[in-house]
Amino acid sequence: MENYVVIITGANSSSGIGWATAMEMAKKQPKAIYVTDIRDDQLPILAKKLQTDYNVDGIARKVDASSEDDVKAVVDEALATYGRLDVFFANAGICLLNQLHNETKTNFLKTMEVNAWSVLTAIQHASAAMEKTSEAKPKSGGSIIANASIAGIRSGAGPISYSASKAAVVSLVQSSAWRLKGKNIRVNTVCPGFIATDLTQPAINALNDMNPQAALDQNPLERFGEPIEIATTVTFLASSESSFINGQDIRIDGGFGRSYRHVPLFGDA
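Sequential numbering from 1 applies to the sequence shown in this note's numbering.
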């Protein structure tokens, strides 16, 4: 990944997957990593760490991942500044806990906008940038990774709207991988299980209230996952080491998706 230019959305939380991925990718010595989020209070800290710890250009930008204008602006900035874009990790997302019979149109559409539309607009603008060539990058190519969920590929693993939005992400990635044929641009998704982050903490707390042994009961590895365990896979997918992996949804769930019927919090209507 030496000299790569990377954009990551949803990177503001120090306990999140975006932050962990930026730090993990920095070990591979890219030229620059744009860390973005709709909340930006912690982004300058992350950008500085990338510079001081790894001598990587860390650039913090406030970006609403569901805003096409914001996404286009950061992609255009990367091209104007560095003459290339190599990796886009579409990581931003929300999770509302409404169940089937109390879901609302407003919440459903908001979840789809943040979780699914953000991935589509990222693919649109990132792939167009990755096709461009320059002295710094003589050939078309790149890697786009979207953060989906195990809830997007099996039932009973998440709230109704969240699950639908993540299923949309999986489908968008599969379709885009084909639509970008001949461009040397790979598109994949990671599908985490329960990972201990700010986003999942409300659900984890609710599970623990129902059953203090939730981690033991939900997963054959008897624990929740950690952000670094997603970050290492995303970094692999971003690198040339995964050069023949394309259009895939990669489960990182400790075996949960193959072993448990449903998460009790989400299993009832």
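Honestly, the hints are just simulated from the structure, not real lab data. Among these hints, one or two may not hold up.
[Unchecked claim] Below, simulated DSBU-like cross-link-like pairs (lysine-lysine); rule was C-alpha separation at most 35 Å, straight line:
{"no.": "1", "residue 1": "K49", "residue 2": "K139"}
{"no.": "2", "residue 1": "K105", "residue 2": "K49"}
{"no.": "3", "residue 1": "K132", "residue 2": "K48"}
{"no.": "4", "residue 1": "K72", "residue 2": "K137"}
{"no.": "5", "residue 1": "K139", "residue 2": "K27"}
{"no.": "6", "residue 1": "K105", "residue 2": "K28"}
{"no.": "7", "residue 1": "K105", "residue 2": "K27"}
{"no.": "8", "residue 1": "K31", "residue 2": "K183"}
{"no.": "9", "residue 1": "K105", "residue 2": "K139"}
{"no.": "10", "residue 1": "K137", "residue 2": "K105"}
{"no.": "11", "residue 1": "K183", "residue 2": "K49"}
{"no.": "12", "residue 1": "K105", "residue 2": "K48"}
Outcome of the hint check:
no.: 1; hint: K49 / K139; verdict: holds, 31 Å
no.: 2; hint: K105 / K49; verdict: violated, 41 Å
no.: 3; hint: K132 / K48; verdict: holds, 29 Å
no.: 4; hint: K72 / K137; verdict: holds, 20 Å
no.: 5; hint: K139 / K27; verdict: holds, 24 Å
no.: 6; hint: K105 / K28; verdict: violated, 43 Å
no.: 7; hint: K105 / K27; verdict: violated, 43 Å
no.: 8; hint: K31 / K183; verdict: holds, 22 Å
no.: 9; hint: K105 / K139; verdict: violated, 44 Å
no.: 10; hint: K137 / K105; verdict: violated, 44 Å
no.: 11; hint: K183 / K49; verdict: holds, 34 Å
no.: 12; hint: K105 / K48; verdict: violated, 40 Å
Figure legend: structure checked against the earlier numbered hints; hints not met, in rising order: 2, 6, 7, 9, 10, 12.
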